[in-house]
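There are 2 protein chains.
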Amino acid sequence: MSLIGMRYLAPPHIILRKGLIAGVEYPLLAQHIAEFMSSTLFYTSLLHTSTTEHKRAVAEFCGNVAMCRHTGQVVFSDPYKVSQYNRWTFPHLDHDAESLREDNLLKFEVAQLKSMFCERAQALIHGDLHTGSIMVTHDSTQVIDPEFAFYGPMGFDIGAFLGNLMLAFFAQDGFATEGSDRKDYKKWILKTIEETWNLFNKKFTALWDENKNRSGDAYLPEIYNQPDLWQLVQTKYMTDLFHDSLGFASAKMIRRIVGVAHVEDLESITDANKRAECERKALDFAKMLMKERRKFVSIGEVTSVILQVVS
Amino acid sequence: MSLIGMRYLAPPHIILRKGLIAGVEYPLLAQHIAEFMSSTLFYTSLLHTSTTEHKRAVAEFCGNVAMCRHTGQVVFSDPYKVSQYNRWTFPHLDHDAESLREDNLLKFEVAQLKSMFCERAQALIHGDLHTGSIMVTHDSTQVIDPEFAFYGPMGFDIGAFLGNLMLAFFAQDGFATEGSDRKDYKKWILKTIEETWNLFNKKFTALWDENKNRSGDAYLPEIYNQPDLWQLVQTKYMTDLFHDSLGFASAKMIRRIVGVAHVEDLESITDANKRAECERKALDFAKMLMKERRKFVSIGEVTSVILQVVS
Numbered sequence: 044m045s046l047i048g049m050r051y052l053a054p055p056h057i058i059l060r061k062g063l064i065a066g067v068e069y070p071l072l073a074q075h076i077a078e079f080m081s082s083t084l085f086y087t088s089l090l091h092t093s094t095t096e097h098k099r100a101v102a103e104f105c106g107n108v109a110m111c112r113h114t115g116q117v118v119f120s121d122p123y124k125v126s127q128y129n130r131w132t133f134p135h136l137d138h139d140a141e142s143l144r145e146d147n148l149l150k151f152e153v154a155q156l157k158s159m160f161c162e163r164a165q166a167l168i169h170g171d172l173h174t175g176s177i178m179v180t181h182d183s184t185q186v187i188d189p190e191f192a193f194y195g196p197m198g199f200d201i202g203a204f205l206g207n208l209m210l211a212f213f214a215q216d217g218f219a220t221e222g223s224d225r226k227d228y229k230k231w232i233l234k235t236i237e238e239t240w241n242l243f244n245k246k247f248t249a250l251w252d253e254n255k256n257r258s259g260d261a262y263l264p265e266i267y268n269q270p271d272l273w274q275l276v277q278t279k280y281m282t283d284l285f286h287d288s289l290g291f292a293s294a295k296m297i298r299r300i301v302g303v304a305h306v307e308d309l310e311s312i313t314d315a316n317k318r319a320e321c322e323r324k325a326l327d328f329a330k331m332l333m334k335e336r337r338k339f340v341s342i343g344e345v346t347s348v349i350l351q352v353v354s
Numbered sequence: 044m045s046l047i048g049m050r051y052l053a054p055p056h057i058i059l060r061k062g063l064i065a066g067v068e069y070p071l072l073a074q075h076i077a078e079f080m081s082s083t084l085f086y087t088s089l090l091h092t093s094t095t096e097h098k099r100a101v102a103e104f105c106g107n108v109a110m111c112r113h114t115g116q117v118v119f120s121d122p123y124k125v126s127q128y129n130r131w132t133f134p135h136l137d138h139d140a141e142s143l144r145e146d147n148l149l150k151f152e153v154a155q156l157k158s159m160f161c162e163r164a165q166a167l168i169h170g171d172l173h174t175g176s177i178m179v180t181h182d183s184t185q186v187i188d189p190e191f192a193f194y195g196p197m198g199f200d201i202g203a204f205l206g207n208l209m210l211a212f213f214a215q216d217g218f219a220t221e222g223s224d225r226k227d228y229k230k231w232i233l234k235t236i237e238e239t240w241n242l243f244n245k246k247f248t249a250l251w252d253e254n255k256n257r258s259g260d261a262y263l264p265e266i267y268n269q270p271d272l273w274q275l276v277q278t279k280y281m282t283d284l285f286h287d288s289l290g291f292a293s294a295k296m297i298r299r300i301v302g303v304a305h306v307e308d309l310e311s312i313t314d315a316n317k318r319a320e321c322e323r324k325a326l327d328f329a330k331m332l333m334k335e336r337r338k339f340v341s342i343g344e345v346t347s348v349i350l351q352v353v354s
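Keeping their order, the protein sequence lines are chains A and B. Per the working numbering, numbering of the first sequence is gapless, rising by one per residue and ending at 354. Per the working numbering, numbering of the second sequence is gapless, rising by one per residue and ending at 354.
Source of the hints: derived by calculation from the structure; they are not laboratory data. Warning: the hint list may mix true and false statements.
Any copy will do: because identical chains look the same in the list, a pair fits if it lies in one copy or spans two.
Straight-line alpha carbon distances no greater than 25 Å define the calculated PhoX-like cross-link-like pairs of lysine-lysine that follow [to be verified]: (1) Lys330 - Lys124; (2) Lys338 - Lys279; (3) Lys330 - Lys230; (4) Lys334 - Lys279.
Go ahead and model the full structure; you've got the sequences and the hints to work with.
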């Protein structure tokens with residue numbers, strides 16, 4: 044498991060998104076990505092670094108402004124306004140795209156996510172951690188394309204990965220044939236979504252616990268090394284991070300259905316009616332998730348709702 | 044009203060803190076400071092600037108790391124742990140200082156304020172806007188000492204000013220003599236606290252409204268120029284900012300009573316019993332404010348509680 048800057052790895056690695064379209068299971072994917080995210084996010088956050096090192100690193104990555112600006116626009120703004128760049132399955136989703144632009148509560152929520160994306164230097168994030176930025180074999184997982192990296196909110200990476208797995212899930216009905224209903228594969232995707240968050244949560248808090256005596260500047264051991272307080276602080280941190288991640292996951296899903304850049308998972312469904320049906324379910328789910336994200340207390344609750352929507 | 048870098052202005056300007064100790068009223072103070080804060084904070088935030096300009100400016104001010112690190116330590120950490128630098132009115136406040144270090148809910152809250160201070164580049168803040176950084180005459184107000192400036196949470200500046208006015212209020216009983224009970228002056232301080240927030244709120248939202256068609260990247264007019272939504276977004280923004288400001292105000296008060304650097308308002312009360320009494324009231328109020336800040340919906344509610352504590 045490593046982050047590499049090269050666009051292509053030697054075969055037999057393939058882009059994860061293509062594997063998800065083909066219906067291939069990757070038994071170590073959740074574990075590998077949880078490991079990648081927990082390490083990169085923990086060690087670059089103020090849970091582990093000093094404010095001095097943090098500020099130096101934040102400044103270093105502020106140079107990456109063009110990529111950040113682009114992401115900010117295409118993810119948090121374009122889908123919510125009339126834009127020549129937006130597109131969707133036409134005419135099927137015309138009404139859906141219009142409703143989105145008129146949904147005040149949704150626009151209220153996405154504004155808060157955008158502010159967090161632009162203002163909060165929580166950790167060094169990959170910045171584009173979707174399933175097209177990951178190359179896989181049965182037992183290897185490689186994260187590529189780090190050119191969007193900057194200091195931002197951790198939930199943006201976690202949400203990118205979870206949201207793209209959710210899009211892959213919603214696309215599966217478009218790939219189902221008489222010989223292969225994709226039911227088992229859909230179950231595997233949901234299991235991977237659950238395992239990713241649960242393993243991330245476990246590994247991240249384990250790193251935090253292991254480093255409690257040489258911690259960063261956010262929670263000094265002299266103040267926070269007391270079991271009840273430690274528990275209180277960690278629960279709050281992880282709950283907020285969970286809700287941030289769900290928010291960013293939903294924003295990523297929405298922008299891939301009505302924004303400028305779509306995903307192959309849905310685009311490769313050639314029957315427009317079938318594609319629109321998958322997209323509408325994904326879009327409605329994402330809208331609900333953005334608005335209601337703070338009500339979820341576990342990832343299992345999220346996957347349960349997905350199952351209700353699709354089964 | 045201007046920000047200047049010089050330490051001393053020509054007489055008759057005096058440091059506001061000294062004026063507050065002497066019991067001098069400054070009828071334009073609230074208006075001037077509200078003007079200063081609304082302008083500096085609005086124009087340097089993403090409500091007015093582009094993400095490109097914002098990131099460039101954030102990077103520029105990341106160099107100011109030593110000052111930020113110092114503030115982070117003395118405001119958000121030292122008072123909550125055993126530190127050779129901490130001091131307080133001894134032995135009167137021994138127990139109070141100890142209770143503070145054992146108050147888990149308070150330490151939970153101050154951690155969130157510290158994270159916001161270190162991570163959130165909301166606007167270019169003065170970074171040390173207490174009553175010792177302001178020079179005044181009857182009709183002139185000059186902000187000095189901008190060497191702490193960096194991109195941080197707006198509430199840190201607003202809270203610094205309000206928190207120091209509150210300290211000045213709690214110190215007044217220590218200055219009362221038979222000939223002068225300071226009752227009217229206490230009323231004037233509370234009125235100034237109220238007016239500062241209310242005028243800031245008014246001026247800040249007015250700037251936001253005036254600029255709605257050439258807004259920054261946070262709330263694009265194409266998405267948010269709709270009366271109900273505009274109202275929803277502004278109310279949320281100003282409510283969060285109000286609660287952030289109260290949180291930072293309380294942190295600033297606490298650190299001036301049990302931390303390394305105290306304020307002349309309280310220090311100049313020579314009778315230790317009297318001083319300890321004033322300090323304990325201020326400390327208890329500040330602890331309540333940090334924990335309960337999200338329950339307050341107006342600054343008038345805050346000043347009412349202060350009056351109950353002291354009268």
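Comparing the hints with the structure gives:
no., hint, in the structure
1, Lys330 - Lys124, "within (15 Å within a copy, 44 Å between copies)"
2, Lys338 - Lys279, "both (14 Å within a copy, 19 Å between copies)"
3, Lys330 - Lys230, "within (22 Å within a copy, 50 Å between copies)"
4, Lys334 - Lys279, "both (20 Å within a copy, 15 Å between copies)"
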